Every structure is written in structure tokens, then in C-alpha cells.
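**Q** Generate the whole structure from the sequences, applying the supplied hints.
There are 2 protein chains.
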Amino acid sequence: MRQHNLSRVLHALADEGALSRAEVAGRIGLTRAAVSTLVDELLRGGLLSERGPGRSGSVGRPGSQLVLADQGPCGFGAEIGVDHLTVCAMDLRGAVRARIDHRMGPGGHEPGAVLAELTGLLERLAAEAATHRLWPAGLAVAVPGLVARGTATVTRAPNLGWREVDLAPLLPSGQGPLTVDNEANFGALAELWEERGAAGNGSFVHVSARIGIGAAIVVDGAVLRGAHGFAGELGHVPVRPGGPPCPCGARGCLETYAGEAALLRAAGLAPGTEPGGRTGELAERCAARDAVALRAVRQAGSALGIALSGAVNLLDPHQVVIGGSLAELSPWLLPPVRRELARRTMLTAGGRTTATPVTGSLIGPAGPLLGAARSAVRGALDTPARLLTAPGGGAML
Amino acid sequence: MRQHNLSRVLHALADEGALSRAEVAGRIGLTRAAVSTLVDELLRGGLLSERGPGRSGSVGRPGSQLVLADQGPCGFGAEIGVDHLTVCAMDLRGAVRARIDHRMGPGGHEPGAVLAELTGLLERLAAEAATHRLWPAGLAVAVPGLVARGTATVTRAPNLGWREVDLAPLLPSGQGPLTVDNEANFGALAELWEERGAAGNGSFVHVSARIGIGAAIVVDGAVLRGAHGFAGELGHVPVRPGGPPCPCGARGCLETYAGEAALLRAAGLAPGTEPGGRTGELAERCAARDAVALRAVRQAGSALGIALSGAVNLLDPHQVVIGGSLAELSPWLLPPVRRELARRTMLTAGGRTTATPVTGSLIGPAGPLLGAARSAVRGALDTPARLLTAPGGGAML
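Sequence order for the protein chains is A and B.
Letter by letter, the first sequence follows residues 1 to 397 in full-length UniProt numbering.
Letter by letter, the second sequence follows residues 1 to 397 in full-length UniProt numbering.
Source of the hints: derived by calculation from the structure; they are not laboratory data.
No experiment lies behind these values; they were computed from the predicted model shown.
Every residue, glycine too, gets a C-beta built ideally from N, C-alpha and C.
Example chain B residues on the side facing chain A (calculated, C-beta under 10 Å, incomplete): (1) I217; (2) L224; (3) E233; (4) A303; (5) A311; (6) N313; (7) D316; (8) P317; (9) R343; (10) R344.
**A** The following block contains the structure:
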């Protein structure tokens with residue numbers, strides 16, 4: 001129970017930034033005295049610091065503001081992409097304090113080699129974090145594939161050619177608990193945590209496009225994972241059942257119209273050897289009013305709108321957020337998406353027909369990485385006992 | 001807290017049928033002594049009865065079995081259909097003790113007239129229930145339309161021609177709290193409560209076809225309602241975006257291929273003046289190997305499979321259950337549905353590709369009515385104080 005209350009104090013400060021003891025007490029529904037005891041323990045453990053009127057005077061004066069520490073435990077986030085590996089360290093306040101980007105050559109996604117590379121990056125990240133007096137209290141890894149619910153096993157990642165790869169034995173131990181999840185889910189969580197306003201009150205569909213197209217379905221602030229952990233496969237929703245063949249084996253999936261390869265091909269841009277890098281070029285052509293590029297994006301938007309019409313009819317979310325690389329194309333992509341939704345969804349309110357709002361993500365392509373790091377931070381805040389006694393915390397001295 | 005514990009005793013018995021005091025204690029995690037006090041109060045209030053070894057001897061002997069009373073409070077369920085009104089009374093044990101079916105003439109769905117008719121039926125039902133010493137402790141009404149979340153207002157019911165109809169002022173008061181919900185949601189809850197085995201562990205998509213095609217999405221045992229209460233509109237998921245026009249204004253919605261009117265037309269059966277009554281005839285023709293009927297059902301199954309592929313890719317349910325009138329066509333409808341799902345969904349498990357199981361509902365067309373009545377019963381079990389002091393209960397004497 002005490003652990004639970006310590007955790008609630010930490011989460012209150014993570015959500016609000018800075019609070020007085022009285023404000024913490026009000027938020028979590030404990031007495032001022034109980035909160036003072038908890039706060040003292042967290043201050044001694046180095047997880048909080050104090051600023052404002054009380055800072056240099058008597059600790060605990062009413063006006064003093066508490067904030068989470070910017071030293072000590074932090075969350076490590078990692079993203080495995082088709083063409084890149086990225087890792088970052090986020091402190092308890094949510095600031096990214098170190099980040100390493102690594103570009104991978106074409107081909108060669110053998111799991112052992114990729115994870116050895118990632119392990120090296122994480123060790124470099126730990127060394128860099130240590131110079132800021134930060135140590136990893138948890139690691140979360142975003143992958144472009146399906147992850148079996150509650151495990152670290154990638155069941156299937158078609159764009160990496162992975163099947164049934166358990167990441168746990170291939171990653172460094174000693175960086176705290178490991179979480180592995182689909183990049184779309186972490187992208188949606190970033191949207192929820194970093195941009196709460198944009199996410200409405202927390203029921204939305206978050207489209208996360210890279211090479212493929214995934215989505216996360218957030219219902220009342222939680223990701224809907226599905227029976228096996230495979231929910232959100234928007235890229236394989238049928239758009240035209242007799243349409244072009246998809247690598248998944250079906251025909252006319254959304255990815256065959258709006259996946260990166262299809263989109264670049266329709267725009268007359270060769271997919272090339274560097275996947276992921278050419279959406280910006282496409283956006284430039286659209287901005288320059290290139291007719292072929294505009295038509296390609298319009299058609300992709302239309303296909304996306306048809307697939308999303310199915311999702312909105314089924315789920316009735318407050319909002320649809322387009323993230324990932326498609327977000328760069330928002331000015332040209334969103335109008336046809338909205339047109340299809342207005343035409344094909346049953347939503348009515350107060351007798352007037354209003355379509356579900358569609359917006360581009362403001363976070364951009366860093367979403368999955370930030371969501372992963374934030375998830376590691378939040379996991380750490382759930383278990384204060386671990387933070388108070390762990391290496392480098394200087395706790396309980 | 002005591003009310004909450006009384007309610008837990010009642011729900012334990014509703015779930016299990018008959019339990020000894022010790023078994024109740026084990027299930028709800030209270031001491032034997034605490035449970036005995038609660039049980040005594042419920043026995044005095046007439047909400048439980050006792051049978052088995054202890055029945056005629058000393059009350060409370062270890063071996064005696066407790067069951068919910070089959071007299072006293074009951075739940076009233078009602079269903080408003082395009083061509084019928086049905087009402088029933090379900091006792092606390094889940095048995096339907098009275099039911100009245102009323103066939104409506106063609107046309108004429110003016111809300112005031114329909115609800116006056118329904119009020120008359122509910123009054124007759126109350127009179128019949130009284131002859132079994134049952135009184136209504138709650139009323140739940142299933143409607144073929146969208147109901148605004150948390151209200152008794154039908155926002156839109158296209159097949160009735162209703163928009164923004166608040167049922168509360170038009171129904172009898174004095175039958176306990178009123179709940180109004182979409183028939184598909186009540187149908188799914190019936191599947192969950194009456195046929196738990198069939199529903200897997202409680203995450204499934206339940207298709208509920210009548211004139212239109214609705215669905216309920218059940219996640220971990222709860223209906224996903226959506227931001228406005230409009231989730232589950234499977235009938236308007238696009239199957240072929242340029243397909244036939246749908247009364248909703250879009251093109252190629254599932255209903256234009258597998259809705260009752262489309263299905264009967266494709267089978268060469270005129271939709272006729274009595275909607276809802278001809279699926280049985282179609283099933284007979286299929287059983288007699290009528291080629292036109294078989295092709296019509298196969299095409300409808302294919303369209304249903306395409307729309308469900310989208311739903312399964314997005315939601316990853318344990319199972320899909322086909323209820324409502326389409327359940328009658330299961331032998332001919334399910335093979336094409338399964339074929340499309342096998343082709344178009346990404347689900348893999350243990351390296352083998354396995355499609356999400358699809359089954360026909362065993363409850364049949366009574367699902368929404370039974371789900372509504374059961375919902376009224378469960379609502380009553382949530383508030384034992386009301387049951388212990390209400391008319392006819394003979395409580396606290």
C-alpha cells in the first residue's frame with residue numbers, strides 16, 4: 001500500500017510537472033500529513049527535488065514546489081525499423097537527454113545481427129546517460145510487427161522477415177524490465193501522453209505508417225490489444241476485395257494503395273534502396289503542385305478513408321489521428337480521407353450529420369520511440385521500491 | 001459496503017445456480033461468518049431460498065444449497081422490431097416466465113403509436129407476471145438503431161424512420177429503472193451470459209442481423225460502445241467502395257450485399273410485405289439445393305467475410321459469432337465467410353496461420369430479447385436494497 005501511494009505521488013508529478021504538497025494531497029486524495037511522509041521518503045531517495053520559496057529554507061514549506069528528479073533512474077526507448085535503429089534515454093520528467101540514431105544498410109535483417117547492433121547502441125546510450133547521472137530503470141522496444149500479448153516475442157514482422165523471435169535473450173540485461181510492443185501502439189501512447197489535447201478524451205484511432213500501415217485503437221486511454229495482441233492491422237483491411245495482390249497473400253489490402261511502396265510507385269518515384277526516406281520528397285512535389293504526385297496522394301487518401309470508414313463504423317472513436325510518415329502528407333492526404341469518412345460513416349449527433357474529426361499527428365515520426373521511452377518511464381514510476389534501492393540512485397543512504 | 005456485498009452474493013448465485021454458504025464465501029472472498037449474515041438477510045427478504053439437506057431442518061446447515069428466489073423481483077425485457085414487438089419477464093434465476101409476441105402491420109412506425117402499443121403489452125405482462133408472484137424490478141428495451149450513450153434516446157433507427165426519440169416519457173413508469181440499447185449489443189450480451197462457452201473468454205464480434213446488419217464488439221466481457229454509443233455498425237463497413245447505393249447514402253456497404261432485402265432479391269424472393277419472415281424460406285431453398293438461393297447466400301457470405309476481415313484485422317477477437325436471422329443460414333453462409341477470413345486476416349499463432357473461428361449463434365433470433373431481460377435482472381441484482389424493500393417483495397416483515 002505504501003508502495004502504491006509512493007507511485008501515485010510520482011505519477012501525479014509526472015502528469016502535472018510541478019505541484020506543492022497540498023496540491024499532491026488534493027490530487028491523490030490523501031491527507032497532507034500522509035503526503036509529507038511519502039514526499040520525504042522520495043526526496044531522501046533522490047526521486048524528487050524541491051524548488052520555489054521553500055527551496056533553500058526549511059524543507060516542506062507550503063509554497064515550495066515539488067518536481068521529479070532529472071538525475072537517477074530514467075527510461076530507455078528503442079525503435080527497430082526496416083532501415084534504422086534508434087535509442088533514447090528519457091528522464092522522469094519526460095525530457096529526452098540522450099539519443100543515438102543508426103542507419104542500417106539495405107537487406108540483412110537477421111535477428112541476431114540486428115539485436116547485437118541494438119545491444120551495442122544501448123550500451124553506448126547507457127554510457128552517455130551516465131555522464132548525466134542517469135541510469136536505465138526499464139527498456140521498451142518498438143518493432144514493426146505483431147508482438148504476442150504480454151511477451152517479448154515478435155510473432156511476425158513481414159518487413160523484417162521475422163517470425164517468432166524472442167527478443168529477451170538477445171538484449172542486454174541490467175537495463176531494467178523489458179517491454180516489447182508494436183510501433184503503432186507506442187506511437188498512439190505517445191500521442192496520448194505527449195499531446196493529450198489532440199487525442200480528445202482518449203478514444204481514438206491512431207494510424208502509424210512507415211513502410212507498412214499499422215494502427216492503434218485507444219479506448220478510454222488504453223490500447224486495445226486484441227485476443228493475441230494483434231489488434232490494429234489497418235494495413236490489411238480490404239479496400240477493394242479484388243484489388244492488387246498484397247505480400248500478405250490477400251488482395252486489395254489498404255497497403256496495396258497507401259503503403260509506402262505503392263504510394264511512391266504511383267507518384268513515379270522509384271521505391272529505391274532507402275525505404276522510409278522518400279515521403280519528404282513526395283511532400284515537396286505535392287507542395288510544388290506536381291500533378292502526378294498529387295493524384296497519387298489523393299488516391300492513397302481515398303483508400304485510407306475507405307479503410308478508416310470501416311474502422312469508424314465499427315469503433316465510433318472521438319477522433320482519428322494520422323501519424324508516422326503519412327503525417328508529412330497531411331495537407332494533401334487529409335481532404336480525401338475526410339471526404340470518404342463523411343460519405344461512409346453513420347455517425348449523427350443531435351440530428352445533424354457530423355463526421356469523426358481527422359487530424360495529422362503533431363509528434364511526427366519520433367512517436368513510437370518517444371512512446372516506448374515514456375512507457376519505460378511510466379513502468380519505473382509504478383515500482384518506486386526498485387528506484388529507491390537501485391544502482392546509482394544513491395538512495396537510503 | 002454491505003449493499004455491495006449483498007450484491008456479490010446475489011451475482012455469485014446468478015452465475016452458478018446453486019451454492020452452499022461455504023462456496024459463496026470462497027467465491028467472493030469473505031469469511032463464512034460474514035456470508036452467513038448476508039445470506040440470512042437475503043433469505044428474510046425473500047431473494048434467496050434454500051434447498052438440500054438443510055432445507056427442512058436447521059437453516060444454514062453446511063450441506064444446504066442456496067438458490068435465487070423464483071418469486072419476487074424479476075427483469076422485464078422488450079424488443080422493438082420493424083414488424084414485431086415482444087416482451088418477456090425473466091426471474092432472478094434467468095428463466096423466462098412470461099412472454100407476449102405482437103405482430104405489427106406493415107408501415108406505421110410513428111413513435112407515439114408504437115410505444116403506446118408497447119406500454120399496453122408491458123401492462124399485460126405485469127399482470128401475467130403477478131400471477132406468478134413476480135414484479136418488475138427493471139425494464140430493458142432493445143431497438144434496431146443507434147442509442148446515445150447512457151441515455152434512453154434513439155438517435156437514429158433508419159428501418160423505423162426514427163430520429164431523436166426519447167423513450168423514457170413514452171413508457172410506463174413503475175417498472176423499475178429503464179435501459180435502452182441497440183439490439184446488437186443485447187444480442188451479444190445474451191451470447192456472453194447464456195452461452196459463455198461459445199463466446200470463448202469474452203472477446204468476440206457478434207453479428208446481429210435482422211432487416212439491417214449490426215454487430216457488437218465485446219472486449220474482455222464488456223460491450224465496446226464507442227464515443228457516442230454508435231460502435232458496431234458493421235452493416236455500413238464498405239465492401240466494394242463503388243458498389244450499389246445504400247439507403248445510408250454511401251455505396252457498397254455490407255448491407256447492400258448481405259442485408260435481408262438484398263439477399264432475398266438475389267435469391268429471387270420478393271422482399272414482400274412482411275420483412276423478417278422470409279429467411280426461413282431461404283434456408284429451406286438452400287437445404288433443397290436451389291442453385292439461385294445457394295448462390296445468393298454464398299455471395300452474401302463472401303461480402304460478410306470481407307467486412308469481417310476488416311473487423312478481425314482491427315480487433316483481433318477470439319471469435320466471431322453470427323447471430324440474428326443470418327444464423328439460420330449458417331450451413332451455407334459460414335463456409336464463404338471462413339474462406340474470406342482465412343485469406344484476408346493476418347492472424348498467426350506459433351508460426352502456423354490460423355483464422356479466427358466463426359460460429360453460428362445457438363441462441364437464435366431471441367438473443368436481443370433475452371439479453372435485454374437478463375440485463376434488467378443483472379441491474380436489479382446490483383441494487384439489493386431496492387429489492388429488499390420494494391412492492392410485493394414481502395421483505396423486512
